[in-house]
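Enquirer: Heads up: the protein sequence lines correspond to chains A, B, C and D, in order.
Just so we're aligned, residue 1 is where the first sequence starts under our numbering, counting upward by one.
Just so we're aligned, residue 1 is where the second sequence starts under our numbering, counting upward by one.
Just so we're aligned, residue 1 is where the third sequence starts under our numbering, counting upward by one.
Just so we're aligned, residue 1 is where the fourth sequence starts under our numbering, counting upward by one.
Don't read these hints as lab results, they were simulated from the structure.
Virtual Cβ for every residue (Gly too), placed ideally from N, Cα, C.
Keep in mind that the hints are not guaranteed to be accurate.
[As the list claims (entries may be wrong)] Derived, one-sided and incomplete: chain B residues facing chain D with beta-carbon distance under 10 angstroms: (1) Met27; (2) Gly41; (3) Asp42; (4) Pro64; (5) Ala90; (6) Tyr96; (7) Ile256; (8) Val259; (9) Trp260.
[Said to hold, decoys possible] A short, non-exhaustive set of chain C residues, derived as facing chain D with CB atoms under 8 angstroms: (10) Ser91; (11) Gln98; (12) Lys125; (13) Arg131; (14) Pro134; (15) Phe137; (16) Gln159; (17) Gln216; (18) Tyr222; (19) Lys226; (20) Asp235; (21) Lys237.
Number of protein chains: 4
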Amino acid sequence: MCRWLAYVGNPQSLYDILYSSSHSVVMQSLASTEGAEPTNGDGFGVGWYSTGIAEPALYRTVEPAWHDKNMSDMSKHIQASTIFAHVRAASPTCGYVQQTNCHPFRYQNWLFMHNGVIRSFKLIKRDLMLRIDPALFKYIEGTTDSETFFYLALTFGLQEDPPAAMAKTVAFIDKVAREISGAANPIQMTVCVTDGMTNQMWAFRYSSEAQSGEGQSRSLYYSSDKAAILKLHPDSKASQFSDEARFVVSEPLGTIPGVWNKVPESSCVVVNGGSIEILPFEPLAQ
Amino acid sequence: MCRWLAYVGNPQSLYDILYSSSHSVVMQSLASTEGAEPTNGDGFGVGWYSTGIAEPALYRTVEPAWHDKNMSDMSKHIQASTIFAHVRAASPTCGYVQQTNCHPFRYQNWLFMHNGVIRSFKLIKRDLMLRIDPALFKYIEGTTDSETFFYLALTFGLQEDPPAAMAKTVAFIDKVAREISGAANPIQMTVCVTDGMTNQMWAFRYSSEAQSGEGQSRSLYYSSDKAAILKLHPDSKASQFSDEARFVVSEPLGTIPGVWNKVPESSCVVVNGGSIEILPFEPLAQ
Amino acid sequence: MCRWLAYVGNPQSLYDILYSSSHSVVMQSLASTEGAEPTNGDGFGVGWYSTGIAEPALYRTVEPAWHDKNMSDMSKHIQASTIFAHVRAASPTCGYVQQTNCHPFRYQNWLFMHNGVIRSFKLIKRDLMLRIDPALFKYIEGTTDSETFFYLALTFGLQEDPPAAMAKTVAFIDKVAREISGAANPIQMTVCVTDGMTNQMWAFRYSSEAQSGEGQSRSLYYSSDKAAILKLHPDSKASQFSDEARFVVSEPLGTIPGVWNKVPESSCVVVNGGSIEILPFEPLAQ
Amino acid sequence: MCRWLAYVGNPQSLYDILYSSSHSVVMQSLASTEGAEPTNGDGFGVGWYSTGIAEPALYRTVEPAWHDKNMSDMSKHIQASTIFAHVRAASPTCGYVQQTNCHPFRYQNWLFMHNGVIRSFKLIKRDLMLRIDPALFKYIEGTTDSETFFYLALTFGLQEDPPAAMAKTVAFIDKVAREISGAANPIQMTVCVTDGMTNQMWAFRYSSEAQSGEGQSRSLYYSSDKAAILKLHPDSKASQFSDEARFVVSEPLGTIPGVWNKVPESSCVVVNGGSIEILPFEPLAQ
């Protein structure tokens, strides 16, 4: 379910980031090669930050990304240095195909997007929602497991310490699901969050089935740094990017060797001004 | 906010019920004359019952009713003896324009539609939702005050005794709103519900401002019986209807005198096999 | 590009015809196995006939069939004895994803749907449109090659003699394309048409590349008659159909052997009150 | 039918131009005060130019402007020095509510938008389309009178001399309509075009009924220059604009006196680097 892309670096046109690669995230909406299913045609969302405006722009549509004319047209006219994009494959658990169920989700200056599922979500939705900070409750606009996940993470302190908040959130969801629904592998996820202000973003790869040895988490990759890529491919498109530019993506955007690095299971990728740090990620029960 | 129509009687084509009057509910989407605003272009919904199927059909679209081609085209091909239709004007309180926020709302064999508003809804939404039967919680698909209203009514026994359940629900919402948000006139409503099985439907007209003498409830009318109409207008279209056929509507569908009767403030209209009973309606605190 | 289904027989619910098979046309929108591509998510259309109304009902939406809630919900409430359904994969040649570009197309009591392409359509569109009967020109609502094809066929006498009109139309398109654009294999098609009134329908399988030995036409199948199916599979669902019931489909709706028969290259299938006649089809230059 | 806005001047956010006025063009979608009808809810389009890209960006949606979330959200993040916006009220003549029928229309670096109607369009559409330069024919994407108008104007030399091309186009349409359909007042229009490259734009106000003394053309206004406005209203928002900034609009965006000037009947407004020239406009038969 779903594929996503996150970019931080020097300003690029949305077109270059979303469309111009041979296996771009928009292409992945029609023909994903590593996703849980090939078609991600149940919604398309793009969020980006502009200088001087804390709240990111948000464009979300239920049209499949592959035939959306508005973004493909406007994308050449919009530049940003932090860009999130997501193509959705809805499951019965994820709920209706509607704008408010499209990723990324936004709260103030934060963006959040998710690939995966909270299993038995309908059975535990009420219990999860009750745990959300009452002051945040009114900002929930859709019906997905992913948006509930985001508001739980905000409740557990995402704005102060993203890795810690995510660890607590995952532990909480896991606990509720096991207690109430008896779901065997409650959580499957890659998640990406950013505050858009510090050239930082945090990406997570985790799943209950990977923990239990019964399966794998959704695929996740980060890009090599510019110098390494140019050394291998002196004539590549890498030259348009700054030294600090980095991607984190569900699937490689192309097939050039040496560019895309697999994120290991149960990890948090911290991108910070061009540096990449891979931290172990595990749920933190409270 | 919003206009609606309910019909119970002998089978009619959806076209005849929704489109063929001079001031049809579809016309009211573009040019309502008695609504809180003239334009009701934020969603269109139709529900109807078919012989032998308990669950009614539901067609809901975010397209303004006046330019929806699918229903205008299909309507000549579909007949039903119980028909609900609703055109929506969304307010910031009512939330996003999306299919799941369009009326009527459905639970099993029940339909519910609402014209009006729960004031300060965002502030009290969490408290209202907590009161909904946990077993029903997972069926909520949208984000409106109206859908929350419906699930509260189900929680308070709508399926057993519609007028009593509505009286309890209104009292509950009124109490929560006054306590938490301090809203002066929390409830403005006309509501219609049916179970689709007994030629019965229940319509309600009520508002806090009418109770307090500070305003009026949304407009509501019921149609005269066939014999009375034919006596006044022997050549009218009334002859296509059975003796038991009745409409309850936000606005008269035409201007012929003697056909449309205003529902008084704070009333419940019980339509039952052609008979119309007007009961007083008031909140029932528990 | 595209997959379609046509049914003529005793009245069936749209749900049974469109959704209830293991490899239904709606499933084919997400995962076609014999189409030019697996995803047919660029539009969904259903046309059907009702007793006493010559003009068929038409429901068309740009939503992918697999997540369209309105038809999946209404389909249990609507019965018809002649049903056309189509899921679209738009190509750059086919044009925008919009309601008016969704199949089936309708003119008076006729329905038409197409799977395939007129190659170099943009280059020859003007010349094709000039040949359309000027009295019909104003009924064209969309921008596809398929709709132009339909109006040319009407111009060449579709309402009088469908096979002859199609033979002339294909010859005309082929000639114009070769002369103006130099396209090597101008036409790829399966097409289905009906007048909805005589239990007749006509399906065509043809392509320039099959003619020239350079490729195959789009896949096409017709169903065996009820007696033959019940002989093989006494307990099958076939018992709900009348002796006259027949399907013509882009792909078999299931995997039971003996039910689905491949339509040969360059053929016209004439379905007439349960009988199936396979005629050779070839362009008829004038 | 329809309302529009055009802006040329120093770069402004789309938000400031489209949303921030008391009677903004988005407000006019719901409650126009001078239009042929109050509601313009059948489509919303925005076009704008970015430095270094000849082809303007185009965003068009069938959602009513008043509830479109994407543009209202993105508009704070996008700046442009030439901006066109249009809210549509479709008539049966204008055709389907679909993206390709939303204004502005674009050809290469040109934008065109229209408020009004070509009467009897369906009857004369084929004759009008035959006159379009065959090389341009394939670029037509929708079905409206307005888009046909645009492609005729391009055929008559819009890119070389906009006022002359418009004069020839109007004369041609007028002649064809009178000859073929006998329509009494074939043309009603305000039109705006720009090439986006020279700080120039051309707006036209004309109608057959104004010519014949039987009615008026659609309303049209241009803004006063900055100095004049600041003299009257020293504290106004005018200070954020450059001396060259000018609006041409269907309706004034606010009620401050001295800002909005009515364009006389049968005129062409030439905006050129802040100067406004009002030329007489009349059809030029050939």
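Enquirer: Determine for every hint whether it applies to the structure shown.
Expert: Structure-based check of all given hints:
1. Taking 10 angstroms as the C-beta cut-off, the interface hint given for methionine 27 of chain B is violated, the closest approach to chain D being about 12 angstroms.
2. Hint status for glycine 41 of chain B relative to chain D: holds, with the closest Cβ pair at about 5 angstroms, below 10 angstroms.
3. Checking aspartate 42 of chain B against chain D: minimum C-beta separation of about 6 angstroms stays under 10 angstroms; hint holds.
4. The interface hint given for proline 64 of chain B is met, as the beta carbon of that residue sits about 6 angstroms from the closest beta carbon of chain D, less than 10 angstroms.
5. With 10 angstroms as the threshold, the beta carbon of alanine 90 of chain B comes within range of chain D, its nearest partner Cβ sitting at about 6 angstroms, so the hint holds.
6. Given hint, tyrosine 96 of chain B at the interface with chain D, holds; its Cβ is 7 angstroms from that chain's nearest Cβ, closer than 10 angstroms.
7. Taken as an interface hint, isoleucine 256 of chain B does not check out: its beta carbon lies about 26 angstroms from the nearest beta carbon of chain D, beyond 10 angstroms.
8. Evaluation of the valine 259 of chain B hint against chain D yields a violated restraint, the C-beta minimum of about 27 angstroms exceeding 10 angstroms.
9. Hint on tryptophan 260 of chain B is violated. Least Cβ distance to chain D is approximately 25 angstroms, over the 10 angstroms limit.
10. With 8 angstroms as the threshold, the beta carbon of serine 91 of chain C stays out of range of chain D, its nearest partner Cβ sitting at about 15 angstroms, so the hint is violated.
11. Taken as an interface hint, glutamine 98 of chain C checks out: its beta carbon lies about 4 angstroms from the nearest beta carbon of chain D, inside 8 angstroms.
12. With its C-beta approaching chain D no nearer than about 6 angstroms, lysine 125 of chain C sits inside the 8 angstroms limit, and its interface hint holds.
13. Taking 8 angstroms as the C-beta cut-off, the interface hint given for arginine 131 of chain C is violated, the closest approach to chain D being about 12 angstroms.
14. Taken as an interface hint, proline 134 of chain C checks out: its beta carbon lies about 6 angstroms from the nearest beta carbon of chain D, inside 8 angstroms.
15. Checking phenylalanine 137 of chain C against chain D: minimum C-beta separation of about 4 angstroms stays under 8 angstroms; hint holds.
16. Among the interface hints, the one on glutamine 159 of chain C is violated; its C-beta lies about 21 angstroms from the nearest C-beta in chain D, farther than the 8 angstroms criterion.
17. Taking 8 angstroms as the C-beta cut-off, the interface hint given for glutamine 216 of chain C is violated, the closest approach to chain D being about 29 angstroms.
18. A least Cβ separation of about 34 angstroms between tyrosine 222 of chain C and chain D goes past the 8 angstroms threshold, and the interface hint is therefore violated.
19. Restraint check, lysine 226 of chain C versus chain D: the minimum CB separation of about 41 angstroms is more than 8 angstroms; hint violated.
20. Residue-level restraint check for aspartate 235 of chain C is violated (minimum Cβ-Cβ distance to chain D is 47 angstroms; threshold 8 angstroms).
21. Using the Cβ-Cβ criterion of 8 angstroms, the hint placing lysine 237 of chain C at the interface with chain D is not satisfied: the shortest such distance is roughly 39 angstroms.
Hint compliance for this structure: hints 1, 7, 8, 9, 10, 13, 16, 17, 18, 19, 20 and 21 are broken, all remaining hints hold.
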